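Peer 1: Here are the chains, one letter per residue:
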Amino acid sequence: GNSVTQMEGPVTLSEEAFLTINCTYTATGYPSLFWYIQYPGEGLQLLLKATKADDKGSNKGFEATYRKETTSFHLEKGSVQVSDSAVYFCALNNFGNEKLTFGTGTRLTIIP
Amino acid sequence: DTAVSQTPKYLVTQMGNDKSIKCEQNLGHDTMYWYKQDSKKFLKIMFSYNNKELIINETVPNRFSPKSPDKAHLNLHINSLELGDSAVYFCASSQAGTGGTDTQYFGPGTRLTVL
Numbered sequence: 001g002n003s004v005t006q007m008e009g010p011v012t013l014s015e016e017a018f019l020t021i022n023c024t025y026t027a028t029g030y031p032s033l034f035w036y037i038q039y040p041g042e043g044l045q046l047l048l049k050a051t052k053a054d055d056k057g058s059n060k061g062f063e064a065t066y067r068k069e070t071t072s073f074h075l076e077k078g079s080v081q082v083s084d085s086a087v088y089f090c091a092l093n094n095f096g097n098e099k100l101t102f103g104t105g106t107r108l109t110i111i112p
Numbered sequence: 113d114t115a116v117s118q119t120p121k122y123l124v125t126q127m128g129n130d131k132s133i134k135c136e137q138n139l140g141h142d143t144m145y146w147y148k149q150d151s152k153k154f155l156k157i158m159f160s161y162n163n164k165e166l167i168i169n170e171t172v173p174n175r176f177s178p179k180s181p182d183k184a185h186l187n188l189h190i191n192s193l194e195l196g197d198s199a200v201y202f203c204a205s206s207q208a209g210t211g212g213t214d215t216q217y218f219g220p221g222t223r224l225t226v227l
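Going line by line, the protein sequences match chains L and C. Here the numbering used here is used: the first residue of the first sequence is 1, the next is one more, and so on. Here the numbering used here is used: the first residue of the second sequence is 113, the next is one more, and so on.
In case anyone wonders, no lab produced these hints; they're calculated from the structure. Predicted model, so just to flag it, every value in this text is computed and none were measured. Every residue, glycine too, gets a C-beta built ideally from N, C-alpha and C.
Listed next, the in silico SDA-like pairs over lysine to any residue satisfying Cα-Cα at most 20 Å (straight line): (1) L/Lys52 / C/Thr213; (2) L/Lys99 / C/Met158; (3) L/Lys56 / C/Thr215; (4) L/Lys99 / C/Phe176; (5) C/Lys156 / L/Met7; (6) C/Lys148 / L/Ser3; (7) C/Lys164 / C/Phe176; (8) C/Lys156 / L/Thr104; (9) L/Lys77 / L/Ile37; (10) L/Lys99 / C/His185; (11) C/Lys131 / C/Asn187; (12) C/Lys153 / L/Glu42; (13) L/Lys52 / C/Thr215; (14) C/Lys153 / L/Gly41; (15) C/Lys134 / L/Glu42; (16) C/Lys156 / L/Gly9; (17) L/Lys99 / C/Lys183; (18) C/Lys152 / L/Pro10; (19) L/Lys99 / C/Phe154; (20) L/Lys77 / L/Asp54; (21) L/Lys77 / L/Thr24; (22) C/Lys156 / L/Asn94; (23) C/Lys153 / L/Tyr39; (24) C/Lys152 / L/Tyr39; (25) C/Lys156 / L/Pro40; (26) L/Lys68 / L/Ala53; (27) C/Lys156 / L/Gly41; (28) C/Lys183 / C/Gln207; (29) C/Lys153 / L/Gly9; (30) L/Lys99 / C/Glu170; (31) C/Lys134 / C/Thr119; (32) L/Lys99 / C/Gly140; (33) L/Lys60 / L/Leu48; (34) L/Lys52 / C/Asp214; (35) C/Lys153 / L/Glu8; (36) L/Lys60 / C/Thr215; (37) C/Lys153 / L/Pro40.
Stretch-level coverage of chain L by chain C, calculated; a stretch enters the list once three of its residues show a Cβ under 8 Å from a Cβ in chain C: (38) 44 to 51; (39) 82 to 94.
Whole structure, please, built from the sequences with the hints as guidance.
Peer 2: Below, the structure written as structure tokens:
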């Protein structure tokens, strides 16, 4: 079956630090990969996605590259801000199946 | 305009009661979903409907019954509520037929507390 493994949190960083949140997946076929962000008390919003191997998704300074050889989709940002504090979810969706499988989420806190 | 809306935002009720959560999307999407997020933030799909037809039902107890009167609405009715049903329930929608590449848009969530 499909599964997503995320780096365990919580993660606390100082403002302007470099961020990496690891995500690896197990799936048959060629899934699409997503990072969603959840701010406190809100629903999830798409941060970025990649739909095929070697694609790079990017948004708001965040990037993630779909690596089929290592089955990974690690999230990176060069310089984090306090406003990036949120819970980050890695997810996959297999071709032809509309179901999202989520990782356990990583809580990120950025301190000024 | 809110793309995916849910009501109520908070729901506090006694064990054994029956309650409903409503969801509406104005994005013109064909597919809608219900997810459950537990206290540890773990998210799991419960149901998915495409054009009013059930397409995903993930081993959810029979006490949970989704209803889709039209493709813009997907309501969740829960009978005989139990303590373990306490969670945040999220509705979402997406366009269908994209082979799983499309973004899902989430509502703000309904926090259900069963006492």
